[in-house]
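These protein sequence lines map, in sequence, to chains A and B. With the UniProt record's numbering applied, the first sequence corresponds to residues 1 to 659, in that order. With the UniProt record's numbering applied, the second sequence corresponds to residues 1 to 556, in that order.
Among the hints, a few may not be true.
FRET-style restraints, in silico, Cβ to Cβ [as the list claims (entries may be wrong)]: (1) B:Met1 with A:Ala209: 28 to 34 Å; (2) B:Thr209 with A:Asn189: 36 to 42 Å; (3) B:Glu146 with A:Arg512: 20 to 26 Å; (4) A:Thr123 with B:Glu146: 27 to 33 Å; (5) A:Ser526 with B:Ser49: 57 to 63 Å.
Hints were generated in silico from the structure; no laboratory data involved. The beta-carbon is built from N, C-alpha and C at its ideal position, and this holds for glycine as well.
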Amino acid sequence: MKLRYCLSGHPTLPCNVLKFKSTTIMLDCGLDMTSTLNFLPMPLVQSPRLSKLPGWVLKDGSTFLDKELKECSGHVFVDSVPEFCLPETELLDLSTVDVILISNYHCMMALPYITEYTGFTGTVYATEPTVQIGRLLMEELVNSIERVPKAQSASMWKNKEVQRLLPAPLKDAVEVSMWRKCYTMPEVNAALSKIQLVGYSQKIELFGAVQVTPLSSGYALGSSNWIIQSHYEKVSYVSGSSLLTTHPQPMDQASLKNSDVLILTGLTQIPTANPDGMVGEFCSNLAMTVRNGGNVLVPCYPSGVIYDLLECLYQYIDSAGLSNVPFYFISPVANSSLEFSQIFAEWLCHNKQTKVYLPEPPFPHAELIQTNKLKHYPSIHGDFSNDFKQPCVVFTGHPSLRFGDVVHFMELWGKSSLNTVIFTEPDFSYLDALAPYQPLAMKCVYCPIDTRLNFIQVSKLLKEVQPLHVVCPEQYTQPPPTQSHRTDLMIDCQPPPMSYRRAEVLTLPYKRRYEKIEIMPELADSLVPLEIKPGISLATVSAVLHTKDNKHVLQLPPKPPQPPASKKRKRVSDDVPECKPLKPLLSGSIPVDQFVQTLEKHGFSDVKVEDTAKGHIVLLQEAETLIQIEEDSTHIICDNDEPLRVKLRDLVLKFLQKF
Amino acid sequence: MPEIKVTPLGAGQDVGRSCILVSIAGKNVMLDCGMHMGYNDDRRFPDFSYITQNGRLTDFLDCVIISHFHLDHCGALPYFSEMVGYDGPIYMTHPTKAICPILLEDYRKITVDKKGETNFFTSQMIKDCMKKVVAVHLHQTVQVDEELEIKAYYAGHVLGAAMFQIKVGCESVAYTGDYNMTPDRHLGAAWIDKCRPDLLITESTYATTIRDSKRCRERDFLKKVHETVERGGKVLIPVFALGRAQELCILLETFWERMNLKAPIYFSTGLTEKANHYYKLFITWTNQKIRKTFVQRNMFEFKHIKAFDRAFADNPGPMVVFATPGMLHAGQSLQIFRKWAGNEKNMVIMPGYCVQGTVGHKILSGQRKLEMEGRQILEVKMQVEYMSFSAHADAKGIMQLIRQAEPRNVLLVHGEAKKMEFLKQKIEQEFHVNCYMPANGETTTIFTNPSIPVDISLGLLKRETAIGLLPDAKKPKLMHGTLIMKDNSFRLVSPEQALKELGLAEHQLRFTCRVHIQDPRKEHETVLRVYNHLKGQVFPFFFYPPRNGLELIILR
């Protein structure tokens, strides 16, 4: 029986805890950053527009919240340092978590909150690219929030009574009291120091009880699905997988076969958009804007899809006549991200691996940088302001448009209809992201590129790997709320999936009945198998059980001790096992005629047999002994004659099988 | 009794031509497939006809594993797979897979184009051979087939060098390839977990050496180079294109920078740029420090080291030249050596091991008059220095690795017999395990005694371990169960369950006996006294209170 605690309600940023054979395993710790959409953007340079936004006034005219809440084009925003919605920390004692398994760099963003403040003392497992790129994402996040010091930290609006009075979506925001500010770099470093690097298909033993294995999931550099198994059960954790051929190593599907339970998270967030089509649209919109003399802004993460976009542009710019347009990639980790992408040959798809063997850099952005078509800067300050030429294309973060250099470009370019902002990251609703910038003149294009599995691929995958049970977030068991007629946009499998929601505990339907044990060769030699039925043999085993590190071994019992000379019988040496005398089970029945013959052979001359309702009574007159024989029992009534009893016992046992 | 058989076809009491056959639980694995640099005849490749006389190699071998890209470990691979014929899987790490074909091509060129040999493998054969290669990650468990699995560990000897664990069921062999237990300027130290293999096959190049600290050797090296350059001499450092070369380049580069030296440093062959590029792309395989700083400064981008042109060798004035190959047995290093050998101002520094038969080996053993091709005699007047920079584990390192892996048996390869003998004794003394050192073609058999895995019913196990939770938990307990053997499956269950599963009923055996006791006490007290007396005596199974008045029922 296994328990699952669901700590995050976000289907693509999961955080679950699995209790499996006395180990407690956390699967991912995603950080739900959509909460930041409720906050005002953090401009890098003083923004008169934002600072002049009116305070929000309640319907009854009371103004006590006008310092904390600002109104912009009919939406209300919190004017404070943005905060994140953490995974549930109260549902179970997180200090009892033994290990955390990370599936990809997007799903580890809550790690510092878990490892630093809950008493967690375990180990985190992740692949090397996941850790390196995860570190870059965290660095960028911390940097973009810390560089804009904000004096105010709003808390009044979080009061339950007050929150009720607010307009949506603030009114409906969940667990606002649990929202936290961003962590700091020392916390990030402390959290990352608890990570142990693993490779695909590496078998990792946890306490000798459970084996976990990361498998390539095809979604991002180093992204993995995990197999959690014992000798008798297999749980597959599928999180953020892709079957499309982009830069990462392809997904390993075969190893997911024969799972008892398959936990399915991280499907595409835009099931109706085809990533290839979106990339095409991205390129054509970009080209059109630039040709008309406008600038293009691409809010993005510093790693991931950006590599694919740059590769597409590499092939596209010359044919589209864009070779003179500068491409800027602005992020405190831009350089690192571009450099790191080139050194993970082993985690890349086959084509890119072959390039490394030549040896050439696997990604063509190396050439874009060499030919000065792509330039990267840590921020808009410094060198960038000297080199900056328009029209241009800027890749920068954060995709929520609430912090990072992107805020500056939104303010700068928002007023002109020549410019275009193209949304490619699927994590944030683009309308919500744009809300605090309204009214906007610039064009907005939505080309979400989400390469994760869609529902058609999922149902094919499930048919292929045939798990006994599927467990998934409740969002996947019904059509999306905005498209309730699309019953094809949900998981369809037999038996129907078990669903979970935030803060729920689920009991997984599987019970194990066996465990592995090793019989030492000496003991195996001493066993005497007996064929009971054709093809089935039995052997009784009396052995010493040793259990160490959750591994069980059976050894030959040591020789019985020398009979003690003195009468102190209780002092036996410690090595000798406590011998609970063997009481074998008996089975079979005694054929009376043969038994009598045997008795006679052994010198009982006056045997008399009487029939009873259930069997027979055998009388040994001279010995004054009575033996009741029934189908499944033998009762020997014999007074005060131990040798006789032993003799009778041995004769009876001859007819019975011992176990 | 199950056994593991090991036969070296090369590297048995020898260095060069590494090729070791291992048979484990019905699986046959070939470890490395190298060439011997000391020979130019048939002896340069392992004798593959030993494996099978008339059958196909593919039918006999389950897989081939290559530990690293040095030619004495992979040089015979195209010959083996394309000319003798093998189509099964060949495993190596990604960097090895990337670099190995380049060195093979280099080797082919020297042999065919320069020496004019025919009947050698072709470029196409190298390509076809590499198509059979499956690249493995570190620590990845690769399932070769249902039963056979292999796992690679970091070996630190050169870029991409790996040790391999080969496992079938609970029997296993670990093979070190060449390894280095101390991190150097560009690579990390070898590491293996406590995998407790039945057999550890380890290299023993430096079986008797305990090397002084790396820093001293580096200082020594720099001093010698510096002195020679100061007095206007030329320094030749024969190296292999990848490996030591990069380490020494990093060393000289930083020294030149610090001392502001002007003498040119050259690196021979067009491989340099390419070689350094491999290091940049496989930076995850280098040591921690380089990996951490590569974004800011890539250690493999050299400012002072330039490409060498053949004409430079006759330039006047001091210079330092890295030239391949490392044992002075052919190619550019030998050419330069012949040019510079006559001048006592010059110096040749041999930074690695040289196998017997090579010019490198001859000058290191003190020979100063060399017979070259065409009976020409070359007199060596230049200074000859040997400096062990080869990244092999020394005796201390080998012992350390054995301590890490905790093998049940050790087998030495890739070393000289005399030195092995010494190390063998030391290993047997210190670890109390058997140590073997077979010669080429000699088979060593190791008996293993694997335990038998069976399924135990959780009910029975829990009943037994629950007893173990009592205060006296540490004490071993005897447990009873019934082993059901059916269609190759073994299940251990409680006797009751075994009876039930087989549809058998339990047969009760009871004894009754009357005992007359004369006792003035009350009935009840008497019974209690008898009970207390019997308790803890020989009869553990009896019921109390008695069922029928004075009658006690004792069951045995």
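Against the structure, the hints:
1. B:Met1 with A:Ala209: 28 to 34 Å: This hint holds: roughly 31 Å between Cβ atoms.
2. B:Thr209 with A:Asn189: 36 to 42 Å: For Asn189 (chain A) against Thr209 (chain B), whose Cβ atoms are near 41 Å apart, the range 36 to 42 Å holds.
3. B:Glu146 with A:Arg512: 20 to 26 Å: Cβ of Glu146 (chain B) to Cβ of Arg512 (chain A): about 23 Å, so the range 20 to 26 Å holds.
4. A:Thr123 with B:Glu146: 27 to 33 Å: Given range 27 to 33 Å: holds, Cβ gap about 31 Å.
5. A:Ser526 with B:Ser49: 57 to 63 Å: 45 Å, violated
Hint 5 alone, counting from the list given before, is not met by this structure.
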